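Undergrad: Chain A is already provided as a structure; the job is to place chain B with the ligands on it using the hints.
Here is what each chain is made of, one letter per residue.
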Amino acid sequence: MAVSSAGSGGRRGSSMRLSLNDPTFRAIFWQIAVIGGFVLIVWWLISNTLHNLEVRAIATGWNFLSREAGFAIGESIIPFEPENTYSRALLVGILNTLRVSIIGIVLATILGTFVGIGRLSKNWLVSRICSVYVEFMRNLPLLVQLFFWWAMFQDAFPGPRQALQPVPGVFFSNRGIKIPIPAEHWVHGWMAAACIVGIVAGVFVRRWARARQATTGQQFPVFWASVGLALGLPFVVWLFGGAPVAMDWPALRGFNFQGGLTLTPEYAALLVGLVTYTGGFIAEIVRAGILAVPHGQTEAAAALGLRKGPMLQLVILPQALRVIIPPMTSQFLNLTKNSSLAVAIGYPDLVSIANTTLNQTGQAIEGIAVIMGAYLTVSLSISVFMNWYNKRIAFKER
Amino acid sequence: MSAVKAAQTTEAPMIELKKLNKWYGEFHVLKNIDFECRKGQKIVVCGPSGSGKSTMIRCINRLEEHQTGDLIVDGIELTNDIKNIEAIRREVGMVFQHFNLFPHLTVLENLTLAPIWVRKVPKKEAEETAMHFLKRVRIPEQANKYPGQLSGGQQQRVAIARSLCMKPKIMLFDEPTSALDPEMVKEVLDTMIELAREGMTMICVTHEMGFAKAVADKVVFMDKGEIVEANEPEPFFSNPQNERTKLFLSQILNH
Ligand SMILES: Nc1ncnc2c1ncn2[C@@H]1O[C@H](COP(=O)(O)OP(=O)(O)OP(=O)(O)O)[C@@H](O)[C@H]1O
Ligand SMILES: [Mg+2]
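Quick mapping for you: the protein sequence lines, in order, are chains A and B.
Numbering-wise, the first sequence is residues 1 to 398 according to this note's numbering.
Numbering-wise, the second sequence is residues 1001 to 1255 according to this note's numbering.
This is chain A alone, in the form it adopts within the complex (with noise of 0.2 angstroms):
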């Protein structure tokens, strides 16, 4: 006892000498050589790159955002014209590429969730296509899966005027996919407004069905009531706009159709693309997840008279989510950074727009930042919100 005391207590006494043998000082040193090394290389590249845009008399700095970007963009989601800055530009590309990436994320989670499910279904037809898919989607590269659905959504359709009619008011046709959407009226703003005051809702009646049932045991089903505030409310309010029914109905003029909403061939194969794939990968994750989950976990919960939607709400998929979570943070971020193989098929994402902008402006570094700046954002924050949804729920042990 006291010889093993005084030995651990020599150890943590003694004063850290200067050798490498010693493991505090050992382990400062190298801390401090990585640093060294890294501030090294990077001052190097930085004069050296400035040095030569000196040479080469190019200009640096970030007034040509403030310029006319004098191009035009295929298809954006705020206004934009040739006239526009070069910032505008830029800002068309990142929306465009949020626009494809938010709802991909979505798109391929849910498509993803089913077909990982489908692979565990006794059915053998079902859990038979779902392998098929996935094998199909991991062992073909993105970029050809990309240029398969671009060339599907530009060739194998007819042009405008021979453009297929599957649903009255839908035409699909090689200058993309068009739907009809209610005419544009002063009531649909609030319709919105009464959606998000809807959730809000949803949010109280939770925390109040909560407090009831630790109170009284009664439950409330919560989801449905939720679900029809958010869809409700905008209807009553739909109701009292004097429930305007007008189509905005895409029609032949010319060369093309006009009006309703569009979804280009570049945006669908894109998007089409990226989910197909990415969910491919998603699936896999998700079944992963839920094989992860001892099947002891079922049996204890129906043993105790868990009926299946309580047993997976509360028991199975808390501890799959676990296992899910952290690769499905790549597989989003996966997701983002792969939408700017954009640039191949065409779709005007941030990648694209900044390419244009540097070969026009020949300002390739800061291009370039704009490009790393605006990826490291959405990527970083994709990050930060799972791996705090990652420790709220993570499993407390020892």
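Hints are supplied without guarantee of correctness; some may be wrong.
Unchecked claim - Some, not all, of what chain A presents toward chain B, calculated at C-beta under 10 angstroms:
1. S127
2. A214
3. T215
4. P294
5. A302
6. P318
7. Q319
8. R322
Because the hints were derived from the structure by calculation, they are not lab data.
As the structure is a prediction and not an experimental result, all values here were calculated from the model.
We put the beta carbon where it would ideally sit given N, CA and C, even for glycine.
TA: Same frame as chain A, but now just chain B with the ligands:
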């Protein structure tokens, strides 16, 4: 066998298996099982590995499905009707070899989950019941820990308390001590003996013959999917009738 029958009252059995058969594909796991358990009875089921003990008791709460024969629990016939299955699962508690506690929930949450969601008990009341049973299995101080932070013996006692919180009429135990280190077996057996003394109806698959001698009203020996012999513990151990029973007993009592 006749002595047991004489002691029985005329009231209907809590659990009744009549000509129960089950197959896994070609493999006949349960062969014409006739079995009954009356209110308050403690029945110990033993037999060699693979003889179908787990399968039989798992049929009782429909963790396994039987193919032919009748199974009646507390007057409810077990059919494919979800309502019947749920009704039976509310009355029957089960303790597993590997505890199967929910690792993402605290001990207290493990105990209150089913009362709140199945029996619709207010949370406060469920927590009071949970603490009551945690005291009975002697680990109230572990209420806010997670299962991963407990020893095997403590986890199994939590699992017993979790079942008891649903106020079951019948408790099924499937080798509750065989995953435990020897020094933890006693604390779990003590809990079970206490439960037996309080009058719980129990069916227990175990090789703990000390437990069988202490509390069992009847010992059932299974082999190759059949009930080979069933008797009160004293004659069962001192004077087994069937050759297979004798062989089995000599094997487990001799080490
Ligand atoms: N899901 C299954 N599919 C096919 N065979 C099975 C399945 N589950 C169990 N069996 C077989 O059924 C037989 C009985 O199994 P059971 O688990 O009931 O035995 P047991 O008496 O509980 O044995 P042990 O003492 O090892 O727990 C075994 O031969 C086993 O291999
Ligand atoms: Mg078994």
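Undergrad: Check each numbered hint against the structure and report the violated ones by number, ascending.
TA: Violated: hint 1 alone.
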